[in-house]
Each structure stands twice: as structure tokens, then as C-alpha cells.
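Protein chains: 2
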Amino acid sequence: MKIVITGGAGFLGRRLAIRLLEKGSLTDSAGHVRIISEILLVDVVAPEGMSDPRLRILTGDVSDIELLRQAIDGATTSVFHLAAVVSGQAELDFDLGMRINLDASRQLLEICRSLGHKPKVVFTSSVAVYGGKLPEVVQDSTALNPQSSYGAQKAIAELLLNDFSRRGFVDGRVLRLPTISVRPGKPNKAASSFASGIIREPLQGQETVCPVSPDLRLWLQSPRKAIDSLIAGHDLPGSAFGNNRTINLPGISVSVGEMVAALEKVAGQSATQHIRWEPDPLVQRIVGSWPGCWDTSRATALGFAGDADFESIVRAFIEDDLSATNA
Amino acid sequence: MKIVITGGAGFLGRRLAIRLLEKGSLTDSAGHVRIISEILLVDVVAPEGMSDPRLRILTGDVSDIELLRQAIDGATTSVFHLAAVVSGQAELDFDLGMRINLDASRQLLEICRSLGHKPKVVFTSSVAVYGGKLPEVVQDSTALNPQSSYGAQKAIAELLLNDFSRRGFVDGRVLRLPTISVRPGKPNKAASSFASGIIREPLQGQETVCPVSPDLRLWLQSPRKAIDSLIAGHDLPGSAFGNNRTINLPGISVSVGEMVAALEKVAGQSATQHIRWEPDPLVQRIVGSWPGCWDTSRATALGFAGDADFESIVRAFIEDDLSATNA
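Protein chains in written order, with the numbering used here: chain U, 20 to 346; chain D, 20 to 346.
Any given hint could turn out to be false.
One copy or two, either will do: identical chains are not told apart, so a pair holds if it fits within one copy or between any two.
Unchecked claim - SDA-like cross-link-like pairs, simulated, lysine to any residue; straight-line CA separation at most 20 Å:
no., residue 1, residue 2
1, Lys152, Asp314
2, Lys208, Glu297
3, Lys42, Leu301
4, Lys205, Ser70
5, Lys42, Asp314
6, Lys208, Val156
7, Lys152, Pro206
8, Lys152, Arg185
9, Lys152, Arg295
10, Lys205, Leu222
11, Lys152, Ala320
12, Lys208, Pro256
13, Lys284, Asn207
14, Lys137, Asp114
15, Lys284, Gln225
16, Lys42, Arg186
Since the hints were derived computationally from the structure, they do not count as laboratory data.
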């Protein structure tokens, strides 16, 4: 079984690869558990500090169709398509977002289609597909109304993946991820970058800026659960999805104020003192357009599980990332 | 004021052009009523029997970017983008549907964006963006879940037009048309072609096939009201749309059995005897996935109006099309 992970040098891509290497197998489209013989990580840069005989690395731009053709071939059983231009960046550079988030996704689907063996494609989408006037709890039946180019591009790729799956070109599944918190590493250009920064930096005694108001409600998932969900979403049979391949994954609904309170409970006031509150209207507008909670009964029925509460997410971050040398 | 109509040789495009020539003016983005100096009809074939000094015709493939560049220029105030591959054809030829319904729409938006003066773009979408498990009455807040490639392509173009409008690249508006009945002329490859055929052919003493069951519920609008809606949708100020440029237009909810009953009331049993009932599973599946009714309070508040009932649609068809020499 040969797996391709686009965005493989990114935080989720690397974690997924490490977990898959540990796990050693996945379920294919026919429902058979198969040994993973190769994981190919595709990204603009090579991931650091990873070594395994089953691991292969291909560097380049995911919107380069020749690179994708090189990556995905007749032996590819499954593709985890994680490569994306994040929300803040896609808002600042429209054409870049279109090229990576839309065109590359479509080219990837077309290559998978051309192979004729209907590989599994796991695509990550986002809370950002929602926007406008939303019910307090978003349902699977709630209309998408993205208020950012990132959200529009993700919503379009969702539609493509659904139609490619309906037609039998690929065996696709879209997992709408809550905002992932706490991400290790450095801040990025996602509008939601602060949702990790306000925990990660203070825990390391560093200053951080919170660009939104404390009452802003976020829908969050820990990295651990996100990786669990990617694997569970891959292994489900296509028939489990019915007439829609998109799943709203379980998260927890927390306000920014509650996040800071959880941080204080775990690490004391000395930690929360590192947060400077400096409103950024663009970030507030983009992240404020996302739902703070969605109904996850479909995901739960399909076996997906979320986190217990935000405090346990903070503790898991300390355990997984701050104590590890190789975050 | 220079207007471009793609699909200008099609039934709706021609009617729209004729109506605009009669009307003589439209409201521009600044809210000013302006005289129409030119209407350019773009289509694969030239429209027949039309002549007016303000009319210009450009033939070619709307997915040809050079043709679009020739059609839309710095003087273009408004574009009515009606060109499309219909539902049945887009289901049979996936790549053709993608090229016309998606790629051409995107190229058109990119050309409008490149002009820098934010032309109005009126885009027609369809009931086909809905599908799967639907409430009895679809709301604006109901999620899209297209079950045909046509529906997926239209839904994607809607998202593009919304994002291009949000970013200020164009002043777009999407009008989701009910199934148009009664269309004059010949049957086409739309899955819903029968919705006109079962009225049009019997009224002319011709045999026709109804490929769906009598209890199938359709959401219908007459050609007259469709043209009214295109013009009203064009003339609304962009601010009227709030954070979503898509409007579900008013229609009437009628079962196929009720349509045939209205035909019988207007034209007697001698007419309905021309209908042969021969189920076609593909047509039943595609059209059966569309909503039979949607809530149109938003459209009504914005001033759009639908038909009174199906019987008056049949009578209007006889008046407008069967008595006219130039249908």
C-alpha cells in the first residue's frame, strides 16, 4: 500500500506520517487492512528529522502538475491532500490561494481519476466554509456561505471531491477540521494562528498578541484528535458517507476568554501575563465569520471522537510538544 | 451602456436581448439608469431572425478565452452569463460540463476582474445545486448537495461569483432559476427537457415522452417571469444582497400530474393523449434530486415575482409562442 501526503512537511502532514509509520497499515477501498509499504511526503520543503525506510520525499510546488504526476501513480492506494495556502495568506494573495487551494486540488483529483483504480482521497476542509448569518449550532444541513477566499476555495474543492466521488473517479472523503489548537512551532499566516499562539507562546515564557476579543467563540480540536480523525476518515468504507462525502468533525466550543482561563488554570497567571490584546480587524472579521459550534451527530455515529475539554488540550500540548525535543 | 449576453443565441438569451432592446435602458452599478447603446450576443451559433442597430453578434466557444477577451472590454457595463452545458449533457460528458460550466465562468470572471471597473455580472444558476435529503421547502439556509455534475459546476460558479463580488472584482449576482416551463422550440439535453415537452408537443398535436412519474414535484417558472427576474436581478444595487449574492427565485411547486391536468383543462383530453409515459431512470434520478419547492421570502422582499399558477403559464405559452410566427 502506497500513501501520498501532500503538505507532508507541514505540521499535520508530518504527524500523520509518523502515526501511519507507527500504525503500519490502513484499510483500502475494498475493506482490506493492508500493510503500508511506502509513504511519500510531497511539499515545498523536505520535512526535517524524519527517517524510515518506508518514507520517500518529493519536494516541489503542489500546483505543478508534473510534480503531482510523479507523486501519484498506478501504485498509489491513498492520497491525504493536506497542502493548502492558509486563510490569512489566501485573503492577502487571491491568486496564490486559487492556484494552490483550488487548481492543485482539481489537478490532483484529475490525476487520480486518470489512473482508473479509484484511489482513496482524504481532503481536509475547514470551519471557514461557513459564514454570514449562522445558527448557534451549525448543522450538516446548514448552507455554506464563506466570507473569505480560503473558505470559498475549500468549499469549491469539497464540491469537486464530492462530484468526483459520486461519479466513481475517486473514493473521496472531506473532513472539515475545527481550528487546530494547540499547534506547535511558529505562528503562521492562518487567520486563526493566534488560537495556538495564545497558549504556545505563554507556556514558553514568550510574548504573544491576541488579535480578537475574548468573547469570540472558536470551534477547536487538538492535533491528536485531528490525526485520529484523518485515519478514521480514511478507513471508513465509501458507502458510510451516503450521498455526501463531507463530515463536520467533532470539536469543542470555547471562547477565547475561556481558553485563556484554561491556560491560567494549567500554568498560572505568570503565563497569561504574556498575552497582549491588540485587536486586528481583518483577523476578527475572518475568524468571527466562522461557526463557533456545529452539530457532530453524523461524525459521532461514524465513530469520530473529539476532545474532552480545552484544559486537557493544553495538558496534551505540554505532554506531546513542550517536553518532546522534536516538536 | 454596453451589455454582453453569453448564450445569446439560446432561448433565454434571445428573449432577454429582445426585451432589453424594447426596454432601452438598465441601471448601472452607481444606481444610474443608462441607455443601452450595444447588446453583444455571444454564442456558438448566431441567433436567427434578430435585427437592431444596437445588436452585435460574436460566434465562438465561450470557453475560448480569446473570444471572451474580444467580447468583454473596458466599455462593458454588464454581462449576463447564460451560456451553459445543460444538466443531462453535463452528466453524460463530464469534461465538457467542466469546461463550459466551470472554466468558462471562471475565465469570464477573471476577464471582468482584469478590467478594473467592476462590471455587473448576472449569472444564472439552478435548482440542481440542491440534492440529497431535502426539507419539504428549501430555505436560503439549506446546504447545497448537488447530485449531478451540472449542479456541482453551477454551485462552484456560484461560490466563485460570490467571492469575486465580496473582493470587489465584479458586482455579481446569482439568480437560481426554477426549471423553466414552457420553453418553445425543440427538446434539449437538459434532464428537465420533458417539463416543457409534455406541454409544448401535445399543444401542437405531436407525440411526446414523459420520462418521470406523475408524482414528481417540480419547481417551475415561466419564460416571461425568468426574463423579468434577470432584469430585476441586474438592476438591484449590490448592497441589497448583503453577504450573499445568490437568490432563490420565486417559482410554483407543481407535480407532473398537476401539469398534465392543467394542460387538459386548457386544451382538452385530445392534447394529453399525446403523452407517452416511459420512465427513464437517469432523468428520474437527476430531476428527482432537485427540490420541488423553496422559500422565496428573500426574493419577494427584493421585489422578484413568480407566476400565479401553472394553468396561466400554459396560457401564456400559447399566447407568446404558439401564436407568434417567430418563436
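Hint check results:
1. In the homo-oligomer, the alpha carbons of Lys152 and Asp314 lie at most 20 Å apart both inside one protomer (16 Å) and across protomers (17 Å), since each shortest distance falls under that limit.
2. Within a single copy, Lys208 and Glu297 get their C-alpha atoms as close as 17 Å, which meets the 20 Å cut-off; across copies the closest is 57 Å, which misses it.
3. With identical chains, the CA atoms of Lys42 and Leu301 are never at most 20 Å apart, being 41 Å at best within one copy and 43 Å at best between copies.
4. For a Cα distance limit of 20 Å, the shortest separation of Lys205 from Ser70 qualifies neither inside one copy, at 23 Å, nor across copies, at 65 Å.
5. In this assembly of identical chains, Lys42 and Asp314 lie within 20 Å of each other by CA distance neither inside one copy nor across copies; the values are 30 Å within and 50 Å between.
6. When the C-alpha separation of Lys208 and Val156 is checked against a cutoff of 20 Å, the pair qualifies neither within a copy, at 27 Å, nor between copies, at 41 Å.
7. Taking the shortest alpha-carbon separations for Lys152 and Pro206, neither the intra-copy value of 29 Å nor the inter-copy value of 41 Å comes in at or below 20 Å.
8. When the C-alpha separation of Lys152 and Arg185 is checked against a cutoff of 20 Å, the pair qualifies only between copies, where the shortest distance is 15 Å, while the shortest distance within a copy is 30 Å.
9. In this homomeric assembly, Lys152 and Arg295 never come within 20 Å of each other (Cα to Cα): the closest approach is 30 Å inside a single copy and 47 Å across copies.
10. Taking CA atoms no more than 20 Å apart as the test, Lys205 paired with Leu222 passes inside one copy only; the shortest distance there is 13 Å, against 71 Å between copies.
11. In this homomeric assembly, Lys152 and Ala320 come within 20 Å of each other (Cα to Cα) only across copies, at 17 Å, whereas the closest approach inside a single copy is 27 Å.
12. For the homomeric pair Lys208 and Pro256, neither the shortest alpha-carbon distance inside one copy (35 Å) nor that between copies (34 Å) is at most 20 Å.
13. In this homomeric assembly, Lys284 and Asn207 never come within 20 Å of each other (Cα to Cα): the closest approach is 26 Å inside a single copy and 67 Å across copies.
14. Taking CA atoms no more than 20 Å apart as the test, Lys137 paired with Asp114 passes between copies only; the shortest distance there is 17 Å, against 30 Å inside one copy.
15. Proximity of Lys284 to Gln225 under the C-alpha cut-off of 20 Å is restricted to the intra-copy arrangement: shortest distance 18 Å within a copy versus 80 Å between copies.
16. For a Cα distance limit of 20 Å, the shortest separation of Lys42 from Arg186 qualifies neither inside one copy, at 31 Å, nor across copies, at 44 Å.
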